[in-house]
Amino acid sequence: MLEIGKTKVDQHITLKLEGEVDASNSVELDMAIQQLLGENVDKIMIDGSFLEYISSAGLGVFMSYLEDFQEKGIKFVIFGLNDKVKNVFHILGLDQLLIIKDDEEKALDVLYEG
Amino acid sequence: MRKKLLTCFMRDELTLYCEKSKLSELRLFLTDVLINTKLSEINKNQIILAVEEVCANLIIHSHACNPNDSIMLDVTQDKHQIIFEIKDSGKAFNLLEYQEPQLSDVIKEKRKGGLGIILVKKIMDSIEFESVGNQNICRLTKCLNSK
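Residue numbers (this note's numbering), protein chains in the order written: chain A, 1 to 114; chain B, 1 to 147.
Treat each hint with caution, since some may be false.
Okay, derived cross-link-like pairs now, DSS-like style, lysine-lysine, Cα gap no bigger than 25 Å in a straight line [said to hold, decoys possible]: (1) A:Lys86 to B:Lys122; (2) A:Lys43 to A:Lys75; (3) B:Lys122 to A:Lys16; (4) B:Lys121 to A:Lys75; (5) B:Lys110 to A:Lys72; (6) B:Lys91 to A:Lys86; (7) B:Lys20 to A:Lys86; (8) B:Lys108 to A:Lys75; (9) A:Lys101 to B:Lys110; (10) A:Lys86 to B:Lys87; (11) B:Lys87 to B:Lys121; (12) B:Lys44 to A:Lys84; (13) A:Lys72 to A:Lys8.
Hints were generated in silico from the structure; no laboratory data involved.
Start from the sequences, fold in the hints, and give me the full structure.
In structure tokens form, the structure reads like this:
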């Protein structure tokens, strides 16, 4: 079960993920990010505070947008991951490729720095 | 179904129908199987993930999400190790022969698959694959107090 909430504050959009991302619903995450790309947003945050589980299907979605984010100059930050979920990013070394912060405040610093 | 034999090891079985929506049931089953182990929550999650990745691959790639097909998961554990035997019939998917992609290729080609097998190989202590006739067995072993 996955719920995706979307909120816009200032110049950034936050996608709040609640539940579990696996092969059965990763397409929902994919569509949500795809939609943001069409909205010309240049600051995106993923609130993972209520994300209980992620499998490779979900990780693959984030990975598949890395180039798009770079090409379009989109800042993308994930925050609030619990230890289990953070560990899964770490096993694959994705914590080196994606910006992952502990909390919203630190994530906002990244989005609005410079 | 849980059978306790001479208190030396435990055995659990699950029949999993080949629908992606069944993966959450699989996780509940595995959570229950691991409940009495002394593994940390992080390690339990890793094991659940690795078993799910293999099952998801079979469901999607070998069985094309056909809900009439099923795969069988057999878990045996003693105090030293947990063995997951994932059995199915049909087109064999040999994890060991699969050349997992480089992360850089995953990014460049925007492919959304291929990461699962990397996870399985990093998490499990041993991966064996057997194919006899129409029956395929993927055996994942996790030593307790390791990795």
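Hint by hint, here is what the structure shows:
Taken as a hint, the Lys86 of chain A and Lys122 of chain B pair is honoured in the structure, with Cα atoms around 16 Å apart against an allowance of 25 Å. The suggested pairing of Lys43 of chain A with Lys75 of chain A holds, with an alpha-carbon distance near 5 Å, which does not exceed 25 Å. For the hint pairing Lys122 of chain B with Lys16 of chain A, the CA-to-CA distance comes to about 29 Å; that exceeds 25 Å, so the pair is violated. The straight-line distance between the Cα atoms of Lys121 of chain B and Lys75 of chain A is roughly 32 Å, outside the 25 Å bound, and the hint therefore fails.
Pair hint Lys110 of chain B plus Lys72 of chain A holds up; C-alpha atoms about 15 Å apart against a cutoff of 25 Å. Restraint check for Lys91 of chain B and Lys86 of chain A: the C-alpha separation of about 34 Å exceeds 25 Å, so the hint is violated. For the hint linking Lys20 of chain B to Lys86 of chain A, the alpha-carbon distance of about 24 Å falls within 25 Å, and the restraint holds. Among the hinted pairs, Lys108 of chain B with Lys75 of chain A is consistent with the structure: their alpha-carbon atoms are about 18 Å apart, no more than 25 Å.
With a CA separation close to 24 Å, the supplied pair Lys101 of chain A and Lys110 of chain B stays within the 25 Å bound. At most 25 Å may separate the alpha-carbon atoms for a hinted pair to count; Lys86 of chain A and Lys87 of chain B exceed this at roughly 30 Å. This hinted pair checks out: Lys87 of chain B and Lys121 of chain B have alpha carbons roughly 18 Å apart, not beyond 25 Å. Of the supplied pair hints, the one linking Lys44 of chain B and Lys84 of chain A holds, its CA atoms being roughly 9 Å apart against a limit of 25 Å.
Straight-line distance between C-alpha atoms of Lys72 of chain A and Lys8 of chain A comes to about 19 Å, which keeps the hinted pair within the 25 Å bound.
In this structure, the earlier hints numbered 3, 4, 6, 10 are contradicted, and the remaining ones agree with it.
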